[in-house]
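Colleague: First residue of the first sequence: 333, per my numbering; consecutive thereafter.
These are computed hints drawn from the structure, not numbers from a lab.
It is possible that some hints are incorrect.
Stated by the list, open to error - Derived lysine to aspartate or glutamate pairs resembling EDC-like cross-links, with alpha carbons at most 16 Å apart:
1) 396 - 413
2) 535 - 486
3) 540 - 486
4) 463 - 497
5) 463 - 486
6) 396 - 440
As the list claims (entries may be wrong) - Here are the computed distance ranges between Cβ atoms for each label pair:
7) 404 - 461: 26 to 36 Å
8) 359 - 404: 10 to 20 Å
9) 547 - 440: 44 to 54 Å
10) 466 - 520: 14 to 24 Å
11) 463 - 520: 22 to 32 Å
12) 436 - 368: 35 to 45 Å
13) 345 - 503: 30 to 40 Å
14) 353 - 440: 19 to 29 Å
15) 553 - 384: 44 to 54 Å
16) 353 - 399: 35 to 45 Å
The beta carbon of each residue, even a glycine, is placed where N, CA and C say it ideally should be.
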Amino acid sequence: MKGQIPRGRARVQARLEEVYTTLLAHHGPQRWWPGETPFEVMVGAILTQNTAWTNVERAIAALKEADCLAPLALVERPPAELALLIRPAGYFNVKAARLQSFCRWLLDQGGIPALAALPTAALRPALLAVKGVGPETADDILLYALDRPVFVIDAYTRRLFSRLEAVTGEEDYEDLRAHFEAHLPPDAAIYGEYHALIVRQCKEHCTKRGPDCAACPLAPSCGLPRLG
DNA sequence: ACCCAGGGTCATA
DNA sequence: TATGACCATGGG
333 MKGQIPRGRA RVQARLEEVY TTLLAHHGPQ RWWPGETPFE VMVGAILTQN
383 TAWTNVERAI AALKEADCLA PLALVERPPA ELALLIRPAG YFNVKAARLQ
433 SFCRWLLDQG GIPALAALPT AALRPALLAV KGVGPETADD ILLYALDRPV
483 FVIDAYTRRL FSRLEAVTGE EDYEDLRAHF EAHLPPDAAI YGEYHALIVR
533 QCKEHCTKRG PDCAACPLAP SCGLPRLG
């Protein structure tokens, strides 16, 4: 056992909570998701797919300006017009179709209040069945719009924890999600803060261009040699 | 000019 | 199951 990385359940739990505590202390509460209503959060989750949030903000502002930030208004707007409105968010033709397929599903379900009555175990597969809603988008919606204790996995999560040598980063999405959820208390408020902190941390330190470890709060416990 | 960004779908082997 | 092409804008 000498030299082995401890992989016991208690050790993993302690490690994940240590990282959370450290990030929270260093960056402060992030108060995600940016958005005034649950529906706006859902729209943002689709628009931010592989896209910088600043571009999403413009698209959402344009939707508001056009009185188009509502399920019915979105499905009734001609796809070409909708694409024009959300143009700054990129992939506008694809995302226009995705917003509309999602809103059709939402209306068919009976709106957000009806979703609130469904258990996560039923809701998640239903979301994943919507064209344009993949695992991360579904989990963004479940966590940040519907307050469900679902841990969101994204490229930042893989990058940070692989750098901490807690995961390889190549794991299947569901395997990673299960891993985090199995070692953290099922608390939506904590999951929401954690994911936001991971994003903040990666933007400031674990960048893709090159890690900036100079003032990284995790540097002392990071598995890799300090860079920068 | 190139790389990156809070992914997902579809075709192909 | 696992790659690759494709979608497209805006900032560094």
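Colleague: Hint by hint, say whether it matches the structure.
Modeller: Hints and how they fare:
1. Distance check on the hinted pair: residue 396 and residue 413 sit about 14 Å apart at the alpha-carbon level, within 16 Å; holds.
2. Our distance criterion of 16 Å between C-alpha atoms is met by residue 535 and residue 486, whose separation comes to about 13 Å.
3. Of the pairs offered as hints, the one joining residue 540 and residue 486 holds, with about 14 Å between alpha carbons and a cut-off of 16 Å not exceeded.
4. Under the criterion of a C-alpha separation no larger than 16 Å, the hint pairing residue 463 with residue 497 is inconsistent with the structure, at around 34 Å.
5. Annotation: proposed proximity of residue 463 to residue 486 is violated, straight-line Cα distance about 19 Å (limit 16 Å).
6. For the given pair, residue 396 sits about 23 Å from residue 440 by alpha-carbon distance, which is inconsistent with the 16 Å threshold.
7. Checking the proposed 26 to 36 Å range against residue 404 and residue 461 shows it is violated: the Cβ atoms sit about 21 Å from each other.
8. Taking 10 to 20 Å as the suggested C-beta distance range, the pair residue 359 and residue 404 does not conform, at roughly 38 Å.
9. A beta carbon spacing of about 49 Å between residue 547 and residue 440 agrees with the range 44 to 54 Å that was offered as a hint.
10. Between residue 466 and residue 520 the beta carbons are some 20 Å apart, a value that agrees with the proposed interval 14 to 24 Å.
11. For residue 463 paired with residue 520, a C-beta distance near 26 Å keeps the hint of 22 to 32 Å intact.
12. A hinted range of 35 to 45 Å for the beta carbons of residue 436 and residue 368 is inconsistent with their spacing of about 23 Å.
13. Roughly 18 Å separates the CB atoms of residue 345 and residue 503, a value that falls outside the hinted 30 to 40 Å.
14. Range check, residue 353 to residue 440: about 42 Å between beta-carbon atoms, so the 19 to 29 Å window is missed.
15. Between residue 553 and residue 384 the Cβ separation comes to about 29 Å, which falls outside the hinted range of 44 to 54 Å.
16. The hint said 35 to 45 Å for the Cβ distance between residue 353 and residue 399, and at roughly 44 Å that hint holds.
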